[in-house]
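Starting from the known structure of chain A, fit chain B onto it as the hints suggest.
Chains as they are written, first to last, in the working numbering: chain A, 1 to 80; chain B, 1 to 414.
There's no promise every hint is true.
[To be verified] With the C-beta cut set under 10 Å, the calculated list includes, among others, these residues of chain A facing chain B:
1) Glu16
2) Asp22
3) Arg24
4) Val60
[What the hints assert, rightly or not] Part of the chain A face toward chain B, derived, beta carbon under 10 Å:
5) Val17
6) Glu20
7) Ile46
8) Met48
9) Leu50
10) Leu59
11) Glu61
12) Leu62
[Unchecked claim] Taking CB as the label site, the calculated pair distances span:
13) B:Ala76 / A:Asp34: 51 to 59 Å
14) B:Arg80 / A:Ala63: 50 to 58 Å
15) A:Asn38 / B:Thr69: 52 to 60 Å
16) A:Pro58 / B:Asp133: 46 to 54 Å
17) A:Asn38 / B:Pro260: 54 to 62 Å
18) B:Arg36 / A:Arg4: 51 to 59 Å
19) B:Val79 / A:Val60: 43 to 51 Å
Quick caveat, the hints were computed from the structure, so don't treat them as lab data. Beta carbons are placed, not taken as given, at the ideal position from N, Cα and C, and that holds for glycine.
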Amino acid sequence: MPDRHVFDLIVEHTREVIPELDGRPFELSDSLHDLGANSIDRAEIIMMTLESLSVRIPLVELANAKNIGELADLIHGKSA
Amino acid sequence: MASPPDVRDVVVTGLGVTTAVGQGKDDFIAALLDGRHAFGFLQRQGRRPPAGSAGGTAVFLGAEMGEPTLPESIAARTVRTASLSAKVAMTTLDEAWREAGLDDADPSRIGLVIGGSNVQQRELTLLHARYADRSEFLRPTYGMGFMDSDLCGFCTEQFPIRGFAHTLGGASASGLLAVLQAVRAVQSGQVDVCIALGALMDLSYWECLGFQAMGAMGSHRWADAPAEACRPFDRNHDGFIFGEACAAVVVERAGGRRHPTPYARFRGGGTAMDGTRNPHPSLEGEVAVVEAALREAGMSASAVDYVNPHGTGSSIGDAIELQALARCGLAHARINATKSITGHGLSAAGAVEVVATLLQMREQKLHPTRNLVDPLDETFPWVREKAEDYSFRTAVSLSMGFGGISSAICLERC
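Just chain A, with the same shape it has in the complex (with noise of 0.2 Å):
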């Protein structure tokens, strides 16, 4: 189970990216292309994530998560 906290951050930051998903549930399995999200709304939402969290962590290294729970983990996994 991917951490909360993490989660959590990363879904206000993709509402604030991507404003029409106001109001939509969020899944640990949804992806954040496939909620409207280009490479560079995705890179915007990781490094908002990170900020809030005061984690650094290359974003190549978060390149591989194919949803929101999996990079959830990994941000999680490095910043432990």
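Chain B only, in chain A's frame:
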């Protein structure tokens, strides 16, 4: 057999404008004719030096616009990362686009020239300060957003412009140079319709300090009286006063498609370089561009009814410009100073003043010149305290920029 259309016959079919004295043409022309200004102390975040930093407690004078009312067609997602310059560009372009009815035009035959370079300085300064001690979190969008051409990206994503789009930098002449470049793009056959946009130059306190240090930006003399500081062509001027602005001008081949009744026909233009990187004006350069514009127009100076000058309030620049106008035989033409009301929009100014010229032409009225109490030259037929009715067909507008750039345009009512 019908004769082929004259590709050099270019008309203006749409205008958009956003300034501190009004958003949209109706507000803008009303403010101009009323002489209604918005000068004060610059308040926008990033326009005052941080306490204890370079510049200390410097406060600058100028006119700032309210939050622009964005067209509903611009998605919140687009707005989030748009700079003020980009938001105002899209808003201003929208007005001109709708007026010209460009949804009916072939996107591949529409071009866009955005006048201005380094126009987003204030937002960049704020970003640099915000990330100074945590640069590893710099937002990825900075990598594209710092470039002025990002405005081209925003505008062409929002509007179906597929011919070409690029920026054009020419300091304070950028706006007029963009209009002239748009005209040439239509005349050459590159596109059928071209939009020139004078971008909002969003100064940070650094640029204000620099302009002030070089003696270009006023005002020491009127430091406590912002309403009186902006006074082009008045003996008590002491430099330009900044005014946020943006304007869009749609030009197209006459009769190329069903278009609204044009504001005016392009008659001639001129550009010249003085061979200096310095900010000084040049009598020869200014004379040359007016003469070039009239030569292309095939008009004598005596046929010019109205002059919209560069007129910034600069001590040397105002005097040189009047000398140039006199030498060109334009001392008879009615004249006012749009910057006395709007302030100096820098990259936007030339486009704003083409819009001001054409709105006055449509109204057949000339706006007053604020603070023109003691003119440098009394013999010019100034429009002073009040707007005046004036029946006129032809106009010349000038724009000059640091680095020895002079430019002029000649327009005639259709």
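Each hint tested on the structure:
1. Glu16: Holds - the Cβ of Glu16 (chain A) comes within 10 Å of chain B, reaching about 7 Å at its closest.
2. Asp22: For Asp22 (chain A), the interface hint holds, since the closest Cβ of chain B sits about 9 Å away, which is under 10 Å.
3. Arg24: 14 Å, violated
4. Val60: 12 Å, violated
5. Val17: 7 Å, holds
6. Glu20: Glu20 (chain A) check passes; min Cβ-Cβ to chain B is 6 Å, inside 10 Å.
7. Ile46: Holds - the Cβ of Ile46 (chain A) comes within 10 Å of chain B, reaching about 9 Å at its closest.
8. Met48: Hint holds; Met48 (chain A) Cβ to chain B Cβ min 7 Å, cut 10 Å.
9. Leu50: 6 Å, holds
10. Leu59: 8 Å, holds
11. Glu61: Glu61 (chain A) check fails; min Cβ-Cβ to chain B is 13 Å, beyond 10 Å.
12. Leu62: 12 Å, violated
13. B:Ala76 / A:Asp34: 51 to 59 Å: For Asp34 (chain A) against Ala76 (chain B), whose Cβ atoms are near 20 Å apart, the range 51 to 59 Å is violated.
14. B:Arg80 / A:Ala63: 50 to 58 Å: For Arg80 (chain B) and Ala63 (chain A) the Cβ distance comes to about 23 Å; the hint is violated.
15. A:Asn38 / B:Thr69: 52 to 60 Å: 28 Å, violated
16. A:Pro58 / B:Asp133: 46 to 54 Å: Since the Cβ atoms of Pro58 (chain A) and Asp133 (chain B) sit about 19 Å apart, the hinted range of 46 to 54 Å is violated.
17. A:Asn38 / B:Pro260: 54 to 62 Å: The hint (54 to 62 Å, Cβ to Cβ) is violated, given that Asn38 (chain A) and Pro260 (chain B) are roughly 37 Å apart.
18. B:Arg36 / A:Arg4: 51 to 59 Å: Between Arg36 (chain B) and Arg4 (chain A), where Cβ atoms are some 55 Å apart, the hint holds.
19. B:Val79 / A:Val60: 43 to 51 Å: Distance hint for Val79 (chain B), Val60 (chain A) is violated at roughly 29 Å.
The structure is inconsistent with the numbered hints 3, 4, 11, 12, 13, 14, 15, 16, 17, 19, although it conforms to all the rest.
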